[in-house]
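Please work from the sequences and hints to get the whole structure.
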Amino acid sequence: MDQAIPLPQIADRAEQLDHLLREISSQLMPKHELLESERTAEVQAAEIHRRATETRDLLAGTPTPMELEDEQRFWRSQSLEFGAARRLLTSRAAKLEEQMQTLEAQQPEWLATWIQIHESPGIEALVDRIKHQLDKIQGAKSQVQEQLNIVLTLQTQVSQQDQQISDVLLRIRQAREREGSRLLELDSSPLWEGLGSQALEPSFRRSFGRSFTMASAFISTHKLALFNLAIAYFLALFGVLKIRRHVVRPGQPGVPTEASQVFGRPFSVALLVTLIGTGEYMASAPIGIAFVLYLLLLIPVLRILAPLTEPRIRTLLYVLSVFYALEGLHLLVHLSPFFGRALFALIVLTALVILGRLARPSRLRSMTMQGRNHRIFVIGIRACLALLAVSFGANIIGFVSLAQVLGLIALVGPLVAAALYSGVRVLALFLSAVLHTPWAQALLGLRADSIERLGTRVLSLGATWLWLRSILQLFGIYDSVIGIASNLLLRHIGIGRIHFTLGDAIGVVLVLLIGYALANTLTFLLQNLVLPRLRLQRGLPYAVSTISYYVLLLLVALAALSSAGVELNKFTVLTGALGVGLGFGLQNIVNNFVSGLILLFERPIHVGDTVEVGGLVGIVRRIGARSSTIVTLQGAEVIVPNSNLLSNQVINWTLSSQWRRVDVPIRVAYGNDPERVIKLLAGVAESHPGVLLERPPAAFFMGFGDCALNFELRFWSAWQDTWFQLQSDVTVAVAKALREAGIEIPFPQRDLHIRSIGASAAENLPNNDVRIASPSDLTARGTVR
Numbered sequence: 005m006d007q008a009i010p011l012p013q014i015a016d017r018a019e020q021l022d023h024l025l026r027e028i029s030s031q032l033m034p035k036h037e038l039l040e041s042e043r044t045a046e047v048q049a050a051e052i053h054r055r056a057t058e059t060r061d062l063l064a065g066t067p068t069p070m071e072l073e074d075e076q077r078f079w080r081s082q083s084l085e086f087g088a089a090r091r092l093l094t095s096r097a098a099k100l101e102e103q104m105q106t107l108e109a110q111q112p113e114w115l116a117t118w119i120q121i122h123e124s125p126g127i128e129a130l131v132d133r134i135k136h137q138l139d140k141i142q143g144a145k146s147q148v149q150e151q152l153n154i155v156l157t158l159q160t161q162v163s164q165q166d167q168q169i170s171d172v173l174l175r176i177r178q179a180r181e182r183e184g185s186r187l188l189e190l191d192s193s194p195l196w197e198g199l200g201s202q203a204l205e206p207s208f209r210r211s212f213g214r215s216f217t218m219a220s221a222f223i224s225t226h227k228l229a230l231f232n233l234a235i236a237y238f239l240a241l242f243g244v245l246k247i248r249r250h251v252v253r254p255g256q257p258g259v260p261t262e263a264s265q266v267f268g269r270p271f272s273v274a275l276l277v278t279l280i281g282t283g284e285y286m287a288s289a290p291i292g293i294a295f296v297l298y299l300l301l302l303i304p305v306l307r308i309l310a311p312l313t314e315p316r317i318r319t320l321l322y323v324l325s326v327f328y329a330l331e332g333l334h335l336l337v338h339l340s341p342f343f344g345r346a347l348f349a350l351i352v353l354t355a356l357v358i359l360g361r362l363a364r365p366s367r368l369r370s371m372t373m374q375g376r377n378h379r380i381f382v383i384g385i386r387a388c389l390a391l392l393a394v395s396f397g398a399n400i401i402g403f404v405s406l407a408q409v410l411g412l413i414a415l416v417g418p419l420v421a422a423a424l425y426s427g428v429r430v431l432a433l434f435l436s437a438v439l440h441t442p443w444a445q446a447l448l449g450l451r452a453d454s455i456e457r458l459g460t461r462v463l464s465l466g467a468t469w470l471w472l473r474s475i476l477q478l479f480g481i482y483d484s485v486i487g488i489a490s491n492l493l494l495r496h497i498g499i500g501r502i503h504f505t506l507g508d509a510i511g512v513v514l515v516l517l518i519g520y521a522l523a524n525t526l527t528f529l530l531q532n533l534v535l536p537r538l539r540l541q542r543g544l545p546y547a548v549s550t551i552s553y554y555v556l557l558l559l560v561a562l563a564a565l566s567s568a569g570v571e572l573n574k575f576t577v578l579t580g581a582l583g584v585g586l587g588f589g590l591q592n593i594v595n596n597f598v599s600g601l602i603l604l605f606e607r608p609i610h611v612g613d614t615v616e617v618g619g620l621v622g623i624v625r626r627i628g629a630r631s632s633t634i635v636t637l638q639g640a641e642v643i644v645p646n647s648n649l650l651s652n653q654v655i656n657w658t659l660s661s662q663w664r665r666v667d668v669p670i671r672v673a674y675g676n677d678p679e680r681v682i683k684l685l686a687g688v689a690e691s692h693p694g695v696l697l698e699r700p701p702a703a704f705f706m707g708f709g710d711c712a713l714n715f716e717l718r719f720w721s722a723w724q725d726t727w728f729q730l731q732s733d734v735t736v737a738v739a740k741a742l743r744e745a746g747i748e749i750p751f752p753q754r755d756l757h758i759r760s761i762g763a764s765a766a767e768n769l770p771n772n773d774v775r776i777a778s779p780s781d782l783t784a785r786g787t788v789r
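Each residue of the sequence shown is one higher than the one before, starting from 5 at the first, in the working numbering.
FYI, nobody ran anything at the bench for these hints, they're computed from the structure. Don't be surprised by glycine CBs; every beta carbon is placed ideally from N, CA and C. Hints are supplied without guarantee of correctness; some may be wrong.
With a straight-line cut-off of 25 Å between C-alpha atoms, the simulated DSS-like cross-links for lysine-lysine are [claimed, not checked]:
#: 1; residue 1: Lys35; residue 2: Lys99
#: 2; residue 1: Lys740; residue 2: Lys683
#: 3; residue 1: Lys99; residue 2: Lys145
#: 4; residue 1: Lys145; residue 2: Lys35
#: 5; residue 1: Lys140; residue 2: Lys99
#: 6; residue 1: Lys145; residue 2: Lys135
#: 7; residue 1: Lys35; residue 2: Lys140
What follows is a list of derived Cβ distance ranges for each label pair [claimed, not checked]:
#: 8; residue 1: Glu85; residue 2: Arg539; range: 52 to 62 Å
#: 9; residue 1: Ile551; residue 2: Val382; range: 50 to 60 Å
#: 10; residue 1: Asp132; residue 2: Glu85; range: 20 to 30 Å
#: 11; residue 1: Arg182; residue 2: Val534; range: 55 to 65 Å
#: 12; residue 1: Val534; residue 2: Leu472; range: 35 to 45 Å
#: 13; residue 1: Ile488; residue 2: Asn648; range: 53 to 63 Å
#: 14; residue 1: Phe728; residue 2: Phe504; range: 26 to 36 Å
#: 15; residue 1: Thr636; residue 2: Leu472; range: 47 to 57 Å
#: 16; residue 1: Ala88; residue 2: Ile518; range: 25 to 35 Å
#: 17; residue 1: Ala561; residue 2: Leu476; range: 29 to 39 Å
#: 18; residue 1: Val382; residue 2: Asn592; range: 57 to 67 Å
#: 19; residue 1: Leu472; residue 2: Asn592; range: 48 to 58 Å
#: 20; residue 1: Arg743; residue 2: Val534; range: 49 to 59 Å
#: 21; residue 1: Phe728; residue 2: Ile643; range: 20 to 30 Å
Following this line, the structure appears as structure tokens:
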């Protein structure tokens, strides 16, 4: 039996119940809205039934590929709409069920309380309050139950309509698969056999009304999307104007001249970016809406390509645009089979003749375009002409489906390629302009060119994929190709006890590549943008960025293992088991790795330091996990194991300061005043602008030499990488000062004692003091200089 509410708590519990009932009541929909939803659902059900009947009648005949595409787009949009409605109704029903359970949980307590005290004297007001609360609970339950019943009914209707939509989509998909498999089959009689067999007016009116109805329904259900499209255009226009003002400036070094010309058309660039960005929206729109949007897309494409292509290419694009517009009108107006085929054949034949005239070999050879782009263009235009010729012949013979597909590819494919090419060039020019701004050059340096090339390649690959996708959709085999690719990716490959799928292998490779790129990018941003803004000790930013890089690589490796399906706990056990064996075989590598970590944490050596280790003098360029790179003064890059930098004696010339003392030995002739020489040398050093005066230069008399007085000039250089040049400059200045002061720099002198010499040689000696003792024993003493 439910426990009654204690009498002292009834007032508080009543207030809580009133608050709960008000909250539940506020969440209920008004009754007129529910009734309106029921009527709308009935109208939608009737409309879906009518459209489903029309679609079945269409599929029972011989629909064209574009008719199937149009139907599939409509029913896909309906499937998305009803799927969202079904999920909303399911959520609403669950909420109402929860509210009903809450009310049912409250009712037994109040009922038990009323049963307990309804006959008690003196508390009639309290009994009435309890009775009133019970009535409120019952009334709220009735309202919730009523709405729940309506929602469940709507949910059932929507589910039935969704099932009907799924059935129609299945029929359309099967019809498209049949059409795709029968492209090479004769599906109609020759064109000349249908002369005078069809009427024009009824089919024209029926098709126009049907297209208009589909377009109107799409616009009415996508008003918000169209409004967002307009907002996106104005935002893009604002962004392009800002880019033209602050980024793309005429005469900017390194930026192609086409950038200022292209961004000088801001309205066209904004429209191009907006329409290309709504590709998925156009893919779901009816053929009529998509045709209008593609015609609108041609305006910015033709304007943007004006400074990017030569006039002959633009002429071809103008002609293709005209025939595309004619073909679009042909697709919108579903004529009778004969008139439709005849009009399509006329369009294709006219396009073939005019394009063949404009693209004759002599004109193609005289184009200024050269290299790979010229070859691609020639191959593309010849393929387009071949497709038009085959389409015309197939239409005449009776391969109507094949003719329509080939004709659409020939007329639409080049324009789609032109639109994507325009988008790629706009984005590539914007990227080039951004990368050549002063702040980007200061940040990226030599990496800017590599980033520009990589970005252009990525954009080109993306555009190629979008073009192939559109062509496959025109063929009607996009879903089939995606299905085949999915099956290949999910196919299991077994090697012994190891089993994996091709998709898993590609996924691991992609995780590694993307993770490696992200690790490099994040480390670069950390090292060049974040850490320089922090006040850190010298060498600490490099240590932080390097350790962060290795941590990110470790996370990428773990993510790759996880995507491959490797259980990390088992992998840890396996790593521990192999660690002992690998430790003995890889002692040097482990030693160098640990030494690298010690170098990063203790920082006895920094990147940019001038060090001397084992007779090797150079500048540290990199401290890696296993080894470090030292660039010698001769420019050689020496790879030094990290263990050598810890176990051997290392002289770091710049650990605490970039200052370096420079010593210049000087010798002067005997007879000069040492004090005068010392003052002269010190004055020369002090007068040089590169000598540090914080530590004044000094000259010292080092002693008496064999033939000269020995002095040494000592001074300090502020930078380690310029001390050698400073030593040379000061030495030259000292030589000049000594020469001007008349102080001689002696050259070495030697006394030569000759113990014996021949008579003929003695006669040739220039010294007159030579005395010949005897023919056999001659002695001479002379001073030779």
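Okay, the hints, checked on the actual structure:
{"no.": "1", "hint": "Lys35 <-> Lys99", "in the structure": "holds, 17 Å"}
{"no.": "2", "hint": "Lys740 <-> Lys683", "in the structure": "holds, 15 Å"}
{"no.": "3", "hint": "Lys99 <-> Lys145", "in the structure": "holds, 13 Å"}
{"no.": "4", "hint": "Lys145 <-> Lys35", "in the structure": "holds, 15 Å"}
{"no.": "5", "hint": "Lys140 <-> Lys99", "in the structure": "holds, 20 Å"}
{"no.": "6", "hint": "Lys145 <-> Lys135", "in the structure": "holds, 15 Å"}
{"no.": "7", "hint": "Lys35 <-> Lys140", "in the structure": "holds, 18 Å"}
{"no.": "8", "hint": "Glu85 <-> Arg539: 52 to 62 Å", "in the structure": "holds, 57 Å"}
{"no.": "9", "hint": "Ile551 <-> Val382: 50 to 60 Å", "in the structure": "holds, 54 Å"}
{"no.": "10", "hint": "Asp132 <-> Glu85: 20 to 30 Å", "in the structure": "violated, 51 Å"}
{"no.": "11", "hint": "Arg182 <-> Val534: 55 to 65 Å", "in the structure": "holds, 59 Å"}
{"no.": "12", "hint": "Val534 <-> Leu472: 35 to 45 Å", "in the structure": "holds, 40 Å"}
{"no.": "13", "hint": "Ile488 <-> Asn648: 53 to 63 Å", "in the structure": "holds, 57 Å"}
{"no.": "14", "hint": "Phe728 <-> Phe504: 26 to 36 Å", "in the structure": "violated, 59 Å"}
{"no.": "15", "hint": "Thr636 <-> Leu472: 47 to 57 Å", "in the structure": "holds, 52 Å"}
{"no.": "16", "hint": "Ala88 <-> Ile518: 25 to 35 Å", "in the structure": "holds, 32 Å"}
{"no.": "17", "hint": "Ala561 <-> Leu476: 29 to 39 Å", "in the structure": "holds, 36 Å"}
{"no.": "18", "hint": "Val382 <-> Asn592: 57 to 67 Å", "in the structure": "holds, 58 Å"}
{"no.": "19", "hint": "Leu472 <-> Asn592: 48 to 58 Å", "in the structure": "holds, 51 Å"}
{"no.": "20", "hint": "Arg743 <-> Val534: 49 to 59 Å", "in the structure": "holds, 56 Å"}
{"no.": "21", "hint": "Phe728 <-> Ile643: 20 to 30 Å", "in the structure": "holds, 25 Å"}
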